[in-house]
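Colleague: Protein chains in written order, with my numbering: chain Z, 1 to 533; chain X, 1 to 322.
A couple of the hints might just be wrong.
As the list claims (entries may be wrong) - Which residues of chain Z face chain X? A partial, calculated answer using Cβ under 8 Å:
| id | residue |
| --- | --- |
| 1 | R24 |
| 2 | V105 |
| 3 | T109 |
| 4 | L221 |
| 5 | P225 |
| 6 | I305 |
| 7 | R307 |
| 8 | L309 |
| 9 | P313 |
| 10 | T314 |
| 11 | I389 |
| 12 | G392 |
| 13 | A438 |
| 14 | P440 |
| 15 | L441 |
Since the hints were derived computationally from the structure, they do not count as laboratory data.
Where is the CB? At the ideal position from N, CA and C, for every residue including glycine.
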Amino acid sequence: MTAAAGLLGLVVVLPVLRLGDVLRREGSGVVVATVGSAGLRTALAHTLALAAAVTLTAVPIGTTLALVLRRPDLPGRAFWRGAVLLPLVVPDFVLGYSWSQAYGVAGFTDSVLGVHWAGLLGAGGVGVVLAVNSAPLAYLVVTVGLASRAEPDLERAARASGAGAATTLVTVTLRLVLPAIAAASVLVFVLTLGSFAIPQILGTPGGFGTVTTRIYADLSLGGDPASFLRAVTAALLLVVVAAAVVTPSDLLLGPRLRATRPAIAQGLPQVPRSRAVRWAQVAGLALYLALTLLLPLAALALASITRALGVPPTPANWSLVHFREVLTPRTAEALARSVVLAVIAATVLLVLGGLVAGSVRHRAGRATATLVTLPLVLPGSTLAVALLITYGRWLAGTSALILLAYVAKLWAFAHRPIAGALDRLPPDELRASRVSGAGPLTAVRTVVLRPLAPALLAAWVVCFLTALHEVTMSSLLYGPGSETLAVVVLNSEELGRIGPTAALSVTLTLLVAVPALVLWAAVGRLRIRSGRG
Amino acid sequence: MPAVVLAVALAACGGQPAPGTSARAARTITLYTCLSDTSIQPVISAFEKSAPGSSVALFRAPTGQLNARVAADVRSGGLRADVVWGCDPLTVQAYVDQHLVGGWTPPGADAIPTAYRTPDYVGAHLLYLVAVHHTGVPAPRTWADLTGPAYTGKVAVPDPSLAASALGALGWFAAQPAYGVDYYRRLRSNGAVQVGTPDDVTTGVAQGVYAAGMTTANSAYAAKDAGSPVDVAWPEPGAVAVYGPVALATHSAHATTAKAFLSFAISEAGQRVLGAAGSYPTRPGVTGPTVPAGAPTVAPDWAAIGRQKAAILAGYQRVFGG
Numbered sequence: 001m002t003a004a005a006g007l008l009g010l011v012v013v014l015p016v017l018r019l020g021d022v023l024r025r026e027g028s029g030v031v032v033a034t035v036g037s038a039g040l041r042t043a044l045a046h047t048l049a050l051a052a053a054v055t056l057t058a059v060p061i062g063t064t065l066a067l068v069l070r071r072p073d074l075p076g077r078a079f080w081r082g083a084v085l086l087p088l089v090v091p092d093f094v095l096g097y098s099w100s101q102a103y104g105v106a107g108f109t110d111s112v113l114g115v116h117w118a119g120l121l122g123a124g125g126v127g128v129v130l131a132v133n134s135a136p137l138a139y140l141v142v143t144v145g146l147a148s149r150a151e152p153d154l155e156r157a158a159r160a161s162g163a164g165a166a167t168t169l170v171t172v173t174l175r176l177v178l179p180a181i182a183a184a185s186v187l188v189f190v191l192t193l194g195s196f197a198i199p200q201i202l203g204t205p206g207g208f209g210t211v212t213t214r215i216y217a218d219l220s221l222g223g224d225p226a227s228f229l230r231a232v233t234a235a236l237l238l239v240v241v242a243a244a245v246v247t248p249s250d251l252l253l254g255p256r257l258r259a260t261r262p263a264i265a266q267g268l269p270q271v272p273r274s275r276a277v278r279w280a281q282v283a284g285l286a287l288y289l290a291l292t293l294l295l296p297l298a299a300l301a302l303a304s305i306t307r308a309l310g311v312p313p314t315p316a317n318w319s320l321v322h323f324r325e326v327l328t329p330r331t332a333e334a335l336a337r338s339v340v341l342a343v344i345a346a347t348v349l350l351v352l353g354g355l356v357a358g359s360v361r362h363r364a365g366r367a368t369a370t371l372v373t374l375p376l377v378l379p380g381s382t383l384a385v386a387l388l389i390t391y392g393r394w395l396a397g398t399s400a401l402i403l404l405a406y407v408a409k410l411w412a413f414a415h416r417p418i419a420g421a422l423d424r425l426p427p428d429e430l431r432a433s434r435v436s437g438a439g440p441l442t443a444v445r446t447v448v449l450r451p452l453a454p455a456l457l458a459a460w461v462v463c464f465l466t467a468l469h470e471v472t473m474s475s476l477l478y479g480p481g482s483e484t485l486a487v488v489v490l491n492s493e494e495l496g497r498i499g500p501t502a503a504l505s506v507t508l509t510l511l512v513a514v515p516a517l518v519l520w521a522a523v524g525r526l527r528i529r530s531g532r533g
Numbered sequence: 001m002p003a004v005v006l007a008v009a010l011a012a013c014g015g016q017p018a019p020g021t022s023a024r025a026a027r028t029i030t031l032y033t034c035l036s037d038t039s040i041q042p043v044i045s046a047f048e049k050s051a052p053g054s055s056v057a058l059f060r061a062p063t064g065q066l067n068a069r070v071a072a073d074v075r076s077g078g079l080r081a082d083v084v085w086g087c088d089p090l091t092v093q094a095y096v097d098q099h100l101v102g103g104w105t106p107p108g109a110d111a112i113p114t115a116y117r118t119p120d121y122v123g124a125h126l127l128y129l130v131a132v133h134h135t136g137v138p139a140p141r142t143w144a145d146l147t148g149p150a151y152t153g154k155v156a157v158p159d160p161s162l163a164a165s166a167l168g169a170l171g172w173f174a175a176q177p178a179y180g181v182d183y184y185r186r187l188r189s190n191g192a193v194q195v196g197t198p199d200d201v202t203t204g205v206a207q208g209v210y211a212a213g214m215t216t217a218n219s220a221y222a223a224k225d226a227g228s229p230v231d232v233a234w235p236e237p238g239a240v241a242v243y244g245p246v247a248l249a250t251h252s253a254h255a256t257t258a259k260a261f262l263s264f265a266i267s268e269a270g271q272r273v274l275g276a277a278g279s280y281p282t283r284p285g286v287t288g289p290t291v292p293a294g295a296p297t298v299a300p301d302w303a304a305i306g307r308q309k310a311a312i313l314a315g316y317q318r319v320f321g322g
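Excised from the complex, chain X in its bound form:
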């Protein structure tokens, strides 16, 4: 009996603002994101400081859990988020196609490069896919070097079905005439191994299991700064840039505050906080984590990848299994 009473009392805890603070409740927005906790928390604190009275309720989960939560919300009364901050354009585009988010971008959006935005959402952070290699191993100058004799049997690649950054890289290579899905076939015949996430690649290279691999810049530099025997290379034609879009929910009940948060996320101040927290900002001119001078970057055509996703993945799975 006491347990039942406790359980009922718990139903009141968490999730609902106290009555009598309706004005404040109107300025509390819900944010769904898959951006890492260490990056999103400083941004939220800075926003709440810049707009006193507003607060952000955070739901943070990996992309798969995020998708599941959104799907469940939709079937139980509608999306409960006011702002969605994804980690790759494909996921957010899927929400736009379901009319859950989109339709509005902040006025400051034209400061963000066109490759990182659409009329429905604006990229707020970047992931770069770079090459990480063990310190004793020569740095790959181009991506094609990884299919060469210097790295036979010692290359690791991440799984596109687990990491959107890997899927973006796959999509970009598939669209390049010099590479195509054939690039992965050449990697495979050179002995490359598919592991799980980009972090698994970094771990493998750091531990000496692999000589080199494809991973995110954040993961590689974090390992290097912690003291692991790895180094980072930005191979030609460029590191693949995957942007994380932030979008407004179409039926947001707190549109004013939500729009304010969106504008803050891509503003100079917000992007500076993001850069300091360890994520690459999309806004040019804002300092963020390491980008070597003159390092080349490339941006995939996400619309094309979205259209041909099944075909690209099928071609890939014929090479590495799936």
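The following block holds chain Z by itself, in its conformation from the complex:
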């Protein structure tokens, strides 16, 4: 299993190495000049500061959400547990546009209340929106951690001995779940390093550039080899920085993240709290979701049905012209192809993620786990270029290359949640089944898959959504017959008018939100059944 994971990992890491080779052969002079340039140093400083700020915001938000939502006595808990995951359903460029439509100049709050957020276009806006975008991921990782490591008995003992709720939280709960929080931090940090859409939409107009937007500008400005080498140098610099962060944390956290005992069902009685506290938490949740998600999405929906820019969004000016412009047979075809590719990618990723997750007990497996995280930080266009350079001779313009791009980018997304859940498995049951004569496949199927099912489903859904929303790689790698939704999105974005882009965003979000709701209900039922079983 480790060997298989290693070989497959090589398929994915080879393009990154090829890029380094290109730099070595074609222009070490350009590399040195680029790395030393003030512009790139500023961009790198911005990127690192942004990643740190977003991690320090998103992880506490995710942790708070996980802590609030783990108590069964919270009113409407099932609904809230689905609602906090909503940002995952919304593509990040949609989130960027919707915030600018809601809180920007001449946006929704500006026309209704006369106030707008002047800092939206710049570092502040980018940081906040990225934090909102990453909080659900942090929430997922910390929830899994809480389920496997929290000790309700210890908490009750602490409360019985006289500690207040806050003291118990800090000294008992958070201490135990610290490794999961750290793992979430690493994931959010690496993700933010490579984020492009939100810095481009909200940061560039305000003069705040990151390494990814700088790469985009470098490529836009020059078709000459020097510009290309500058862009590749900047991208590989990001990978080096990410490796510097991920490798030590994997080495330190790896052993600590392995659970000491199997998961306990969440339905244990906990210390009761007053009604006031519970309803205050509900109010807090509602306010958070309304401000960060509901209002922006409503503003975007309003922009999609308003006839033209600059006219007041009153019912007299509503029309479906943007939807008609965007929902053509070509869009439907591209969407269908995107969905199929995303489904295949998510399924393949599940298998690959499981492979790597299962092999982390060996050092080679851990090395593979770290390596496959690196393509996550490569900006989409650079990873696409790397794949094209490495495999273009055979796969250029085919859907297989796009699929490979998804797998390369999203492997870490699949492997880390599964690794977290795998720890929760009681090893004795697996051993018992093997001793009783079950073959490895039967043992895995009957013992491992049942309790693992919700985590597997969550990993599948995250991979599916991210693959579906992927824009930069698919738009660079496509050929005739492998045109995906990304091309349609970029076409409408290029036309520049908010209306068609908003219409497309609304369609895409709805198209995913409805099945997501269905899946969520299914997961809820699975979890209840596995909790009882």
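Chain Z is fixed; fit chain X onto it per the hints.
Modeller: Just chain X now, with coordinates in the frame of chain Z:
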């Protein structure tokens, strides 16, 4: 396992013509372009109708993605396009300098004004940089008006590092004795703001954030026709014309069909289709989108801009930051 089989099957899909149609395959060319989808699709359909048996496989992406794709192609076996249709001369000139495209222009090229062609490529469509202003605001008569008191603090300009049309305008102003890069300094001290693309300028003006701005004619007229409260002015000495060249790949495997497509693109028929689709044609006498009678236009010296690009951009970035 089924997923792996599916993945392998997908490798066969897309990109490769079915075996046994080698004659047809010889008449399928690959086109790389950054021209908007709504403009290029009608041109392709019209070409395929005019030359039965030929077909065009399209790769359409913004200039930055196009550059990345070409760079990747070059390092993995050579450019896979037969025809490249760019959106600005600088990008295509960079490909010519790498010996990827060029060396041939269609026989009908002399119908296109000399300002819009070189021995290696011919301009097939035009972008005009004009001034867009809110309806309540007086129209700027000259470009210098934008530095005046009527527009203090309410002018938006596009970013030259994102849009080649903005770079062309910058290059043209830089070469004019009456303007120079100083023009942008005066704009800045008058409170002008740099936004992203020309479309961001149009959006800002339409929403009332800015009173006026520099944007492309297509973007401005589209907003006006949709009902936004904006108007378009073609200021003196002229709207800056940026042409999009179409060039033949030097190692095209389907040279005959590619040449046929190039000739079609600049022919009367092709330019008429382009004009009807909403892009400005380069061929004189072909109807296209709105050009007011007597509207002045100017053409930048692209060769000079190409030579001095770094210096011009450095001067600009000292004004607006970069």
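Colleague: Should the interface hint for L309 of chain Z be scored as holding, given a Cβ-Cβ cut-off of 8 Å against chain X?
Modeller: Holds - the Cβ of L309 of chain Z comes within 8 Å of chain X, reaching about 4 Å at its closest.
Colleague: If you take the shortest Cβ to Cβ gap from L441 of chain Z to chain X, is it below 8 Å?
Modeller: 12 Å, violated
Colleague: Min Cβ distance, P440 of chain Z to chain X: is it shorter than 8 Å?
Modeller: 15 Å, violated
Colleague: Interface hint check: G392 of chain Z, Cβ to nearest Cβ on chain X, cutoff 8 Å. Holds or violated?
Modeller: 4 Å, holds
Colleague: Closer than 8 Å between Cβ atoms is the bar; does I389 of chain Z clear it against chain X? Give me holds or violated.
Modeller: 5 Å, holds
Colleague: Was the hint right that L221 of chain Z lines chain X, CB cutoff 8 Å?
Modeller: This hint holds: L221 of chain Z lies near chain X, its Cβ roughly 5 Å from the closest one there, short of 8 Å.
Colleague: Minimum Cβ distance from P225 of chain Z to chain X below 8 Å?
Modeller: 7 Å, holds
Colleague: Against chain X, is V105 of chain Z within 8 Å by beta-carbon distance?
Modeller: Hint on V105 of chain Z: holds, closest Cβ of chain X at ~5 Å, below 8 Å.
Colleague: Against chain X, is R24 of chain Z within 8 Å by beta-carbon distance?
Modeller: 13 Å, violated
Colleague: Against chain X, is R307 of chain Z within 8 Å by beta-carbon distance?
Modeller: 6 Å, holds
Colleague: Can T314 of chain Z be said to touch chain X, with a Cβ gap under 8 Å?
Modeller: 13 Å, violated
Colleague: Should the interface hint for T109 of chain Z be scored as holding, given a Cβ-Cβ cut-off of 8 Å against chain X?
Modeller: 14 Å, violated
Checked against the numbered hints listed earlier, the structure breaks hints 1, 3, 6, 9, 10, 13, 14, 15; every other hint is satisfied.
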